[in-house]
Amino acid sequence: MNKKYLVLPAVLVVAAAVVATVRLWPTELRTLREENLCLGMLTERTAGLLQDGEGGDVRVDESGPDGSGPGAKASDPVFSTICFVNRENADNKNADDKSGMRLQYTLDVRSTNALNDPPKGSTPVGGGLKGWVGQRQSEVQLPDGCAKEMGRPEARYATVTLKVSPVAIVGRDWDYASLKKDARTVITEAVENLTKQYDCAA
Numbered sequence: 001m002n003k004k005y006l007v008l009p010a011v012l013v014v015a016a017a018v019v020a021t022v023r024l025w026p027t028e029l030r031t032l033r034e035e036n037l038c039l040g041m042l043t044e045r046t047a048g049l050l051q052d053g054e055g056g057d058v059r060v061d062e063s064g065p066d067g068s069g070p071g072a073k074a075s076d077p078v079f080s081t082i083c084f085v086n087r088e089n090a091d092n093k094n095a096d097d098k099s100g101m102r103l104q105y106t107l108d109v110r111s112t113n114a115l116n117d118p119p120k121g122s123t124p125v126g127g128g129l130k131g132w133v134g135q136r137q138s139e140v141q142l143p144d145g146c147a148k149e150m151g152r153p154e155a156r157y158a159t160v161t162l163k164v165s166p167v168a169i170v171g172r173d174w175d176y177a178s179l180k181k182d183a184r185t186v187i188t189e190a191v192e193n194l195t196k197q198y199d200c201a202a
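Under my numbering, the first residue of the sequence shown is numbered 1, with each subsequent residue one higher.
Since the hints were made in silico from the structure, they are not lab data. Each statement offered as a hint is correct.
Straight-line Cα separation of at most 30 Å, DSS-like style, residue types lysine-lysine; simulated pairs:
1. K130 - K148
2. K120 - K130
3. K181 - K120
4. K130 - K181
5. K163 - K148
6. K163 - K130
7. K181 - K163
8. K196 - K163
9. K196 - K148
10. K181 - K196
11. K196 - K130
12. K120 - K163
Label pairs and their in silico Cβ distance ranges:
13. K148 - D173: 41 to 51 Å
14. E62 - V170: 22 to 32 Å
15. E62 - K181: 17 to 27 Å
From a predicted model like this one, the values you see are computed outputs, not experimental measurements. The beta carbon of each residue, even a glycine, is placed where N, CA and C say it ideally should be.
Model the full assembly from the supplied sequences, consistent with the hints where possible.
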C-alpha cells in the first residue's frame, strides 16, 4: 500500500488518542466534584461546621434545573444549582425523606455585573478577598477573570452566596460571632475550591 494512504489513518488514531486522554485525564474540577460536596466546593468536615448543634448526619441536596428550563442542558451546572446543606433528624430512617431534614444553609454561585452592598452588622471577609460575612447572609467575589473561565464572559463578577437558615441561627442561641466565624470558613473554602476548579486564582 502506498505510504501516503497510511498518513490519514495514523492521524485519526493520534487524534482519537488525544481526545480520549483529555477526557480521562484527571482535572481539578472533576477531582474536587468527586471528592467534595456542593459541586466540589466543600469538604464534608467544613460543610458540617455551620449547623444548629442538634446533631444528625450531614445531607446535601444539589438542586439544579428540572430539565425544562433554559439552563437544563448546560454541561456545567455551577450557575444553575443551589446546594442545600441539611442535618438528618435522629428518627429519620429514609435518606430520601426531605421532611426528616433540617436545613442549615444554602450555597450558590452567581454571575453578576454589580455586587450587593453589605448589610448592617456584616464584616469584610478578609484574606485578600472581596466581599462580606453577615449574620444571616454572606457574599464573596471570586477573583477577576473567574466569570470568563466559568463560561460567563459577559459578566463582570462571579460570586458565592451563603444564606444561613433560621434553624441554625436559633440553634446557636443567636450567637452571631460564632455563626460568622463558621460562615467565613465555609464561604472561603467554597471560593478557594472554585478557583482551583476553574484555574482562575488571583
